[in-house]
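Undergrad: Sequence:
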Amino acid sequence: MANNRLILTFELDCDSTLALLQICLHKQGFRAIHSFELESACASFSDPTCPHHPGEVCECLLVTLTIYRDDIGTIPIVLHGHGNKTEIWNLESHLLPLALDDCLKFTRLEGQVLKRRLCSTEVSNTKGSFSSTVEGGRY
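The number in the working numbering is simply the position in the sequence shown, starting from 1, with 35 added.
Since the hints were made in silico from the structure, they are not lab data.
Keep in mind it's a predicted model, so treat the numbers as computed, not measured.
Think of the CB as a built atom: it goes at the ideal place given N, C-alpha and C, for glycine as much as any other residue.
It is possible that some hints are incorrect.
Pair ranges (Cβ atoms, derived) [said to hold, decoys possible]:
| # | residue 1 | residue 2 | range |
| --- | --- | --- | --- |
| 1 | 133 | 41 | 13 to 23 Å |
| 2 | 92 | 134 | 18 to 28 Å |
| 3 | 141 | 50 | 14 to 24 Å |
| 4 | 90 | 148 | 30 to 40 Å |
| 5 | 83 | 48 | 15 to 25 Å |
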């Protein structure tokens, strides 16, 4: 991804980021086509060392989304996921249209809220009872 531009980094796994991104894009009138997914982004089959995370076995996930809306045309982006971190890359040299840039930033905020909620959820299942604590309240 040498000539591409990093747009945002999410502190969520790639699948969660993809789902959240597709929902937020749809709400803003964008269409997102999941055009490609590579389970292992490792550069070499003979050496499974990750080119993005030196010294680690490659467990990266790459997903290509083609995003479009009538007023902005088509823009390809790539999600690069590794563990609980996902980077979003712009594959084109020009800047993103403001509407798409705003939507991506809003999606990242939604992801941060989701992560806080998930991290503050305590689930206990003892003797058939279920309780969950979400941000200080019991449900």
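Undergrad: Each of the hints needs a verdict: does it hold here or not?
TA: Tested hints:
1. Separation of residue 133 from residue 41 is about 18 Å and conforms to the stated range, judged on CB atoms against 13 to 23 Å.
2. Residue 92 and residue 134 have their C-beta atoms about 39 Å apart, which leaves the hinted 18 to 28 Å range violated.
3. The hint said 14 to 24 Å for the Cβ distance between residue 141 and residue 50, and at roughly 20 Å that hint holds.
4. At about 33 Å, the CB distance of residue 90 to residue 148 agrees with the hint of 30 to 40 Å.
5. For residue 83 and residue 48, the hinted distance range of 15 to 25 Å is satisfied, since their beta carbons lie about 20 Å from each other.
Of the hints listed earlier, the one the structure fails to meet is number 2.
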